[in-house]
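Protein chains in written order, with my numbering: chain V, 707 to 1098; chain H, 856 to 1141.
Just so you know, these hints were derived from the structure itself, not from any lab.
It cannot be assumed that every hint is accurate.
To give a feel for the contact side, a few chain V residues facing chain H, derived at Cβ under 10 Å [claimed, not checked]:
#1 Ile789
#2 Thr792
#3 Glu795
#4 Pro889
#5 Tyr890
#6 Lys893
#7 Asp898
#8 Arg941
#9 Glu946
#10 Tyr947
#11 Asp950
#12 Gly957
#13 Ser960
#14 Thr1090
#15 Thr1094
Backbone N, C-alpha and C define an ideal beta-carbon position, used for all residues, glycine too.
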Amino acid sequence: MIALAGAGLLVLSACAGGSGGSKSNNAAPSLPKIPMASSVGAGEGELDLVNWAGYAEDGTNDKTVDWVHPFEKETGCKVNSKIGNTSDEMVTLMKSGQYDGVSASGDATLRLVYGGLVAPVNTSLVPNYATIQDFLKNRSWNSVSNQMYGIPHGWGANLLMYNTKTVSPAPTSWSVVFDANSPYKGKVTAYDSPIYIADAALYLMRHQPDLKITNPYALDTKQLDAAVQLLKTQRTLVGEYWADYTKEVQGFESGNSVLGTTWQVIANLVTSDKKGPVAAIVPSEGVTGWSDTWMVAAHAKHPNCMYKWMNWITSPTVNAQVAEWFGEAPAQKLACDHTADKAFCTTYHAADKAYSDAIYYWTTPTTHCLDGRGNICTDYATWTQDWTAVKG
Amino acid sequence: MRAASSWLHRHTTARLLALLSLPVLWVVVAYLGALGAMLVAAFWTTNDFTGAVEHRLTLSNFRTLVEQPVYRRVALRSLGVAALVTAVDTLIALPMAYYMAKVASPRARRLLVVAILTPLWASYLVKAYAWRVMLANGGVVDWLLQPFGTHGPGFGLIATIITLSYLWLPFMVLPLFAGLERIPDALLEASADQGARAARTFRSIVLPLLFPALVAGSIFTFSLSLGDYITVKIVGGTSQLVSNVIYDNITTGGNLPFAAAAAFFPILVMVGYLVGVRRTGALEEL
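Produce the entire structure from the sequences given, and follow the hints as far as they go.
Have a look at this one:
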């Protein structure tokens, strides 16, 4: 049996020859032809979503937070929500072909588009699209050649959360989670995804200018190595990584973690559980962030329900509710008039184009450099392998 | 009806085929077929950008696994964890099984068997999360060790070994219990009559007779530990094991071929383990 398997390996290695390691060409992949909807009919009675935690609340987490049931009542589309913990998980879930739509971040969108997993979106069928913030329309992560592939939902930053009781003085820089001499060794947490390499790259952009990093998602081999080295140093400080947001909530509540990267919604959950005073800030180096887009699956079984959902979730009142619950800037201009906290949109700089432009949004790294340096950059597959190496 | 039955009675081969075709179909197509499909996938690759699987033969996945030192470290760590879990379970299970089989009254024995089996009814996740709570900062373990001026191990490899040992303990106790029950008391008494002390009896009589049961138990604890990826995520802190590499490459990396290639490692280890065990002749005596 083993001898047989061994012989098989030999034959295969002979077949493969030297071609195994060669990379496929760098030309931009061709765009799969997926038809666009031309009308929205009656709902199909059901809707299967892949979404970030907090995007499809039906009152189970907090009785006052429910925009799923009103949607079901109005459209007759029963919502089945599947939470994706990372962008990578979302892409994998969408590949299964069982879902109608997804709330994709910028590091997933283009992979979905070029993978032929999502369809172009006919924005004229989504009335609320008209009043979406203009600086979110036709951007590189949600459109291809001015054809929208989704409806913008909201955007925000990856913040630094810390326990205000144990972390003193209050941090103003990411150095507390990256510096080898951080006093919080063993109590640091970090996001368990290859895209987190960009956070290290952003830190190096400010602290090691000689590396000449201009975009944390466009790293050549030398720059990537420096970021990976920094993350290996960080690993000695990390108590545990989180990918599942409930794990970070629990880590902070038990005191196993006292500081690390977070989303506003996690800080809100820890605060609402009343188990530990936490604060979430934008450190001086700046932040990475996300800009999310609702996309329709290429072969959705319930496309009408999905179009109805996209219009529902970006309607002024609902978009305001989601944004306040999740802690992000709403994509809908009119949402700012409907937030419970009247200062909400100011706090989150919802209409502030300059602020939004300063965030380094999650983007899929490709060999073709995003900062226009040519084909010398490292791609996401390399990042994935390096992330395994970081964790050791 | 009667004609059919008498026809089957005369044609023994047809009878056998009719009887076995469904189970054989299941084993070959559903069981081995799925395994085979996965192993073939190990020689494919994925598109760098879209992550779509590309069906052209390559050994690059295996080359990466062999050349990158991180995968060697992960593999050795996984073997170490599986071996330690097996060792810990053996040390705990031996006295327990001995007491159950040779010392306890029949009534107490039944109760003990029930007590060993009961945790198997609880969900794996519930048990793993229970250990997460116990091992957490200021949890039960910290509290118990506090009087001795020390604290619990926190999340990490030690926590992983403790939790896995707890989870797989019944799989070691039960074979040992069954093995010990089959050793006649007369043998132990004869050994004592000849002047052997307890340790000597254990070494020369019990252990050789118990060896097949020990092997059976170790196959369970070793293979279950080698294949586990959830416990280490829950209590393992920053550690990762070989199954995490497989899992992460499917869910995070979306790289099914690489995950399949990584899956060769535990499969080869278990095949090696079983072949080694077969050499000792322990399997025949089970």
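Here is what the structure says about each hint:
1. Ile789: violated, 13 Å
2. Thr792: Holds, because the Cβ-Cβ distance from Thr792 of chain V to chain H comes to roughly 6 Å (cut-off 10 Å).
3. Glu795: Hint holds; Glu795 of chain V Cβ to chain H Cβ min 5 Å, cut 10 Å.
4. Pro889: It is violated, given that the least Cβ distance between Pro889 of chain V and chain H is near 16 Å, above 10 Å.
5. Tyr890: Tyr890 of chain V check fails; min Cβ-Cβ to chain H is 13 Å, beyond 10 Å.
6. Lys893: It holds, given that the least Cβ distance between Lys893 of chain V and chain H is near 9 Å, below 10 Å.
7. Asp898: At about 8 Å, which falls below the 10 Å cut-off, the nearest Cβ of chain H leaves the hint on Asp898 of chain V intact, so it holds.
8. Arg941: holds, 6 Å
9. Glu946: holds, 5 Å
10. Tyr947: Holds. Min distance 6 Å.
11. Asp950: holds, 8 Å
12. Gly957: holds, 9 Å
13. Ser960: With a closest approach of 4 Å, the Ser960 of chain V hint holds.
14. Thr1090: Result: holds, 4 Å to nearest chain H Cβ.
15. Thr1094: holds, 6 Å
Checked against the numbered hints given earlier, this structure breaks hints 1, 4, 5; the rest are met.
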